[in-house]
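Residue numbers (our numbering), protein chains in the order written: chain A, 1 to 135; chain B, 1 to 319; chain C, 1 to 185.
Simulated from the structure, these hints should not be mistaken for laboratory data.
Every residue, glycine too, gets a C-beta built ideally from N, C-alpha and C.
Just so you know, not all the hints are guaranteed correct.
[As the list claims (entries may be wrong)] Using 30 Å as the maximum straight-line C-alpha spacing, the simulated BS3-like pairs for lysine-lysine come out as follows:
#: 1; chain 1: C; residue 1: LYS46; chain 2: A; residue 2: LYS76
#: 2; chain 1: A; residue 1: LYS122; chain 2: A; residue 2: LYS76
#: 3; chain 1: C; residue 1: LYS46; chain 2: A; residue 2: LYS54
#: 4; chain 1: C; residue 1: LYS46; chain 2: A; residue 2: LYS10
[To be verified] Covered by chain C, according to a simulated footprint, are these stretches of chain A (three or more residues, beta-carbon under 8 Å):
#: 5; region: 49-57
#: 6; region: 119-133
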Amino acid sequence: MNNAARIPQKLASTATEQLAKFGRDTPGIGLAVLSTTDGFEVATYKAERAVSAKMAAMGSSLQALSEAITREAGLKAARKLIIESDNGAVLALGINECKPAMSLVVVADKSASLGHLLWSAKLCCASVVRAVNGS
Amino acid sequence: MTARRLAITDVGEAAAHALRSIFDVLNGRTACRWELVGDPADADVVATSDFDTNSSRTHDARVRGKRVIAIVESTDARARVQTPYILMHPFRVMQVLSVLDEIADDLKHPELRIASNDGPNPWAFAESVRALSALSAPATWYRAQDRNGAEIIVTGNLHGCACEPQLFEQIRSGTTTLGALAPALVHSVPARYVRPPMTELLWHNAITASAALAPWLSARGSFRLVRWPDFGSIPSTRAQLQMVAALSRRACTPPELARATGASEPEIHRLLNALSLCGLLSVSEYTLADRSEAAAGTSVGGVIHALIGGLRRSLMRVS
Amino acid sequence: MTDMPELKLVFTGPMGAGKTTAIAAISDMAPVLTDVANSDRAAFDKDSTTVALDYGQLSLDDGTVVRLYGTPGQERFGFMRTILCRGAIGIILLLDGSRDDAISSLDDFLGGIRKLDPMPATVIGVGRCGSSDAPVLVRAKHHLQQLGLTLPMFRVDVRRREDVLLLVETLVCLLEAGAGPETMQ
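Next up, chain A with everything else stripped away, as it sits in the complex:
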């Protein structure tokens, strides 16, 4: 899963722990995938290999498209993308405060409260940034 050239194993392990905490503390989380901006997985929560690889790639595409449309609209940096469906939601967040920049994709069922989900995901991203920048 982890490519040491992209993220050191220690950081990947820390990120996995953070995702696990996020998943435990936030009701309704189906899966979460942390990836590089070019779509390689860094850490996952409750995602099988085949699913996590796709989510990593698609999440990075969504993040890139979000940033592109934000630029074209003359707005400042895109922060998150929310896709609501009848029975759940997909959340894609950019993590640009560390190097390498990353993306977090979260899939939640309809039992998740959107507000709680967004706040919890933000905390998760902040802890990932601290782990990367602090190393």
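Once you've looked at the hints, dock chains B and C against the given chain A.
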């Protein structure tokens, strides 16, 4: 019925005997009446295996306006021949009949033939390439020259060629005419020679040779593309792209190409000549099914037509 | 204008083949890019990679907009190729002739294009391959022949606008000759 005289000279005994026997069978069935004579000086046509252009006898015959039939006994020898009339032993009766009738027709207009004998044959190189490609055991190297003696050397498998840069530029621009290929002894290729890709040499040679259709192609033929030429490596015009696109979709006759693309007859001929010499063209049987397919395929919907026109105006590629 | 169908051209091919460069060469406006840092330098020695799409456009004189889409090159973004190729009237497949996997890339991408129904008109441009008799071009032509495809395949340098225009012009000629989606006829 017109009478013509044929002399058989410097031909192997078996070939000469076979030719005389076929003559006996054919006489009365040919377009004119043929008489065998002993002295080439008395003949209208000389059949000979001594077709070396440096031979005085063959040279004399040509100078006096006599037609020469080259009698060959191998495909290697055939590749070296530069006369339009060739008979290969063992002879086929219908082949002999065809050649005799063609010469008879040709002899009706002696002034035209003599005029064309004086000038270079634009297809000499191309036809020798075609003959060479049919050989099963070619020599290692072949050489062709233009009227100034500038040479181009070609490998026997037609995979490579080399010449002075200036000659290749002249070939590209069509400002020189190459003679036929002949086997050559090449110890080394001069360092100053360029080695253009063979397909580029054949393309430029054929597309500049003549505005008329090549002698091996029929104006009544229906042609289909085997493979696209690499227009990234050779120049192209819009008309050429349009014609090749049409040929890639369905078999087309020259008039159908004209209708589909608006290209002129010389443009069509030159393109077909080049595609053919490069092995990119096949001749298909023209059937009623092809005719209706061709008719159906040439109409483009009005909306897409307008879009294509607008796109073309916007892009304005130099062509 | 709302009744005019869109003319959508897609530039596809493996990473590093020049899709973004090609679109930039002919787009009226600076293309929209979704390039991010390439973290897999071992596989592809490029600073950046497209992860969603490139977008450019040509405005025709009657107000019609021709949309130019570039797909990501890497296989894990294959889903984007499927999305972007939907409804495309023409595809320009670009290959990097200097790579050892050029022919397998040709095979992979053509396989995807042939699955499109209807199959769009397709032109192939091969970059970084030296002379016109380069071995990669010979092998590529042979491969097309084995697949039974008579597609235009040209040696190009997509940094040159003329070369990109040649590819688009050829696509236009194919459309005129009746190639491409019948719904557009």
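Any hints from earlier that this structure breaks? Give me their numbers in increasing order, please.
-> Hint 6 contradicted; others consistent.
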